[in-house]
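> Sequence:
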Amino acid sequence: MQPTSFNQQRQGVAKQLLLIFLLALTSTLNLQAQAFDGDADRKYMVGYHNIGGTSGAELLYDRGVSDDISLGMRTVFVNRVVKYDGERDNEAGMDLGVFANYHFMDLLKLPDNLDLIAGAGISLLVFDVHAGIRYNFSEVVGVYAEARQNIFSIIKESDDRKPLFQNKSGFSIGLTFNF
56 MQPTSFNQQR QGVAKQLLLI FLLALTSTLN LQAQAFDGDA DRKYMVGYHN
106 IGGTSGAELL YDRGVSDDIS LGMRTVFVNR VVKYDGERDN EAGMDLGVFA
156 NYHFMDLLKL PDNLDLIAGA GISLLVFDVH AGIRYNFSEV VGVYAEARQN
206 IFSIIKESDD RKPLFQNKSG FSIGLTFNF
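Take the sequence shown: its position 101, counting from 1, is numbered 156 in our numbering, and each next residue is one higher.
One or more hints might be untrue.
[Unchecked claim] Calculated lysine to any residue pairs in the SDA-like style (CA-CA distance at most 20 Å, straight line):
#1 K223 - L179
#2 K164 - S121
#3 K164 - Y103
#4 K223 - S121
#5 K223 - F182
#6 K223 - K164
[As the list claims (entries may be wrong)] Between beta-carbon pairs, the in silico distance windows are:
#7 P166 - F132: 28 to 36 Å
#8 A147 - A95: 15 to 23 Å
#9 I177 - R97: 20 to 28 Å
#10 L230 - I124: 30 to 38 Å
#11 N222 - L114: 32 to 40 Å
No lab work stands behind these hints, which were simulated from the structure alone.
Here the structure is a predicted model, which is why all the values come from computation and not from measurement.
Cβ coordinates follow ideal geometry from the N, Cα and C atoms, glycine included.
Go ahead and model the full structure; you've got the sequences and the hints to work with.
Structural data, given as structure tokens:
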């Protein structure tokens with residue numbers, strides 16, 4: 056029996072997180088929780104992040120500034136395994152940025168615990184556009200999923216390796232917490 060490769064382990068973790076997310080969305084809990092509370096809303100989010108096939112984690116803070124708009128900060132950490140001259144090596148990367156979101160919950164008259172978002176962000180490395188969905192189970196805990204496209208580079212990543220963030224599509228899933 057061959058040992059499991061790092062990529063196979065990473066794919067297994069991604070599948071497990073996706074399954075948890077889908078189970079959470081199809082849960083029969085009947086809780087009334089606001090997915091977005093306008094200018095009173097403050098969310099902390101933590102989740103799995105995949106950018107251009109490279110896995111990692113993200114931390115986000117999102118704060119409502121009006122009935123339909125929020126501003127936030129995002130930190131993304133990624134790690135990929137590469138081979139140099141037959142040797143395996145890890146390349147880690149990090150990006151830090153800010154974003155603005157428009158919340159479609161009121162416009163589309165969605166249930167209080169469901170919200171669709173679209174927005175744009177700028178970070179140390181890239182400018183992106185993104186769209187996603189948020190679902191709250193309670194006043195404190197919810198889940199989110201988001202797709203992102205990095206449009207152009209702000210600062211060019213190193214020439215001696217393949218870029219981790221530039222001109223890449225990505226997605227993330229995770230948990231939201233309201234405090």
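> I'd like to know which numbered hints this structure contradicts. Please list them from smallest to largest.
Numbers 3, 4, 6, 8, 10, 11 - these are the hints that the structure violates, sorted from lowest upward.
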